[in-house]
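Protein chains in written order, with this note's numbering: chain A, 45 to 418; chain B, -6 to 352.
Certain hints may be false.
[To be verified] The following label-pair restraints were derived from C-beta to C-beta distances:
1) A:Arg200 / B:Asp30: 27 to 37 Å
2) B:Asp110 / A:Asp272: 34 to 44 Å
3) B:Gln210 / A:Asp75: 40 to 50 Å
[As the list claims (entries may be wrong)] Covered stretches of chain A (chain B as the covering partner; in silico rule of three or more C-beta atoms under 8 Å from a C-beta of chain B):
4) 69 to 83
5) 273 to 285
Hint data in this document are derived by calculation from the structure and do not stem from the laboratory.
A quick note: this is a predicted structure, and the numbers were derived from the prediction, not measured.
Note that CB positions come from ideal geometry on N, CA and C, so glycine has one too.
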Amino acid sequence: MSAPHDAVADSRAEDAAAPELSGVPLLEVKDLVKYFPVKSSGVLRRTIGQVQAVDGVSFTVDKGSSLGLVGESGCGKTTTGRVITRLYDPTSGTIMFEGNEIGQLNRKQMMPYRRQIQLIFQDPYSSLNPRHTVGTIVGTPMQVHQTVPKNKMLTRVQELLETVGLNPEHYNRYPSEFSGGQRQRIGIARALALNPKLIVADEPVSALDVSIQAQVVNLLQDLQKQFDIAFLFIAHDLAIVRHFCPRIAVMYLGKIVEVGDRDSIYLTPHHPYTQALLSSAPDVRQAAIGGRRERIRLEGDVPSPVNPPSGCRFRTRCWKAQEICAQEEPPLLQIGGREVACHFAEAMQVVAATEGDIAAQVEDDDRAPKLEVG
Amino acid sequence: MTEVLEGTQQGPQARSSSDTEPFLVVEDLTVQFPTHDGLVQAVSDLSYSVGLGETLGIVGESGSGKSVSSMAVLGLHDEKRTRMAGSIRIGGKEVVGAGDHTMRKIRGNDAAMIFQDPLTALHPFYTIGAQIVEAYRLHNEGNKRTAKRRAVEMLDLVGIPQPDRRVDDFPHQFSGGMRQRAMIAMAMVNNPKLLIADEPTTALDVTVQAQILDLIQKMQKEFGSAVVMITHDLGVIAEIADEVLVMYGGRAVEKGSCKQILTHPEMPYTWGLLGSIADVTGDTSKPLVPIPGTPPSLLNPPTGCAFHPRCVHKDKVPDGRCNSELPELRPGIYANHLTRCHLPDPDAIYESEVKEVVM
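With the hints as constraints, model all of the structure from the sequences given.
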């Protein structure tokens, strides 16, 4: 696996701003594609279409760092996370973990990597087996991978429970005896059991109450510092993602439309979708200080990924869309420290500005009539 | 829109009494559920009122009693399994203890509700149109054709494209945002004067959430309704509420105008809520400040102030009154502000200790 190293180095060259430790990023995903077949009804069940859940996604995650993946439901962020953990097989594209391709490995070959890549799920109620005790739940990964001898298992489980802020004496209890936040901690302990280098956290806090969300986010941040774990943090809550991740990728309908460090994404978003997304996030502090903001309103819903729009996938809801958007798919290009996929990318401040600024901006590019092509 | 005019003329008594008091008045409402494990004290001594054209936001964590209290307003609790006390008046009509017959007249006509999950709230077996028509015909004379026309008109009003065709679609053919729009159309079809929205945007994406909040505000303007917005998301509250009621452990703990609650909260629980949310402009190097512990059990709520086990300021109150004595809901420092806390000078503590963490 030495050949791809040069390619890796090349692609990293344009991203020199990001901290780089050993030359090879922990995780590098390139042109990742995941299609799900749509079968016809009837006996033959022919494939009549493809759900293009993830369509050519590329990004890197550095050791001990976090990449946030944001987007609306159905944009492919969860599928991306599941392909990286190999819960789904990729349709095409490469997933390089520490320079080794893991996208095409079989079950047995994958085993050593599973230890290093773990997953935290969204729903702490359905992701824990109600008939297993906490000890069994947290201990199973270690048993499967035989990382801890049987007689040390209990000590290790208790140690993990303590790490995530649970009472180590509670290893014999069942998930139903815990609250939502505590259950999420059990899920986190299970993910930590094998000392992973990368955790894919799929909406880890969105099912929790606000006061509990902060507890879990702080816990994840502490663990990241303590064990030097990299996170792929998938969420739809823009504020939480910004808080947790120094680098953020915005997805729309299976593609990354903008990726960069958090300040460039949140302060000067270039892609119209990022601007609209940020603009529609309710902001308590803004409302408290300067009243309610003017907003960019997107119309309609995300189009179907079975039959996505030609060219730029966002064009059907974009106020900037022109004819070229329907004909040519905009490539992800470097513009001022971030990568954007838009023909008409330009900076627009949508958060942390005074109300007057925003009102003026919105008036400026007051929705030009959309060109419906194709 | 003749139907709308008819709608407004219904219930002359309601009009006359609503001149003197706000449209929805909840007084000392207590809701309890007897269970095998004991008595669940879901809501205790809750009072609030909402006038026409106003929006009240109710915030709280799961189990704070916010949904239970609003379901009581529409009489949705099973009488046999619920102990209710206090008074709820919708346009002057008493709801607590009212029979099924009276409730059926009020529900959908004077007051309507939008639920969190439109997919479970809509019947999967009937078309969207049929469900709106049903809601309309329950309270209005008129044949099926007028009702159908009214349904199309409502779908158009809430922004469903091609409403004359989509009216015959089933709920599963709509997207999440469109289903919520259809729910709103159904709720507003009889021009109710009170709209209760129970976490209407929690299941939706931010971009769609923004659309739905706009729509609720637009409908409110159009019909001049009173709106009760129940949510756990302070962002949503900041967006649309005039007045805010913060609930904890089944009781109101703070009440005031939206801006006041967000800028000068006087109750440690509200401080905690504001400190624990991340926002899109905050300082990312500072850790979030969570509220320690977990929400209380309503089976045996803590003695004294329900929040005291999680409160970091309870040592500032002398004699441990926080764990022995339930604080009254008393007027705060600012006008029209109510707070349930023993702290003698909450605003000073807020300004000196809490504000920099929260803001």
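Practice item. Would you list, in rising numerical order, the hints stated earlier that this structure does not obey? Key: Structure breaks hint 4 only.
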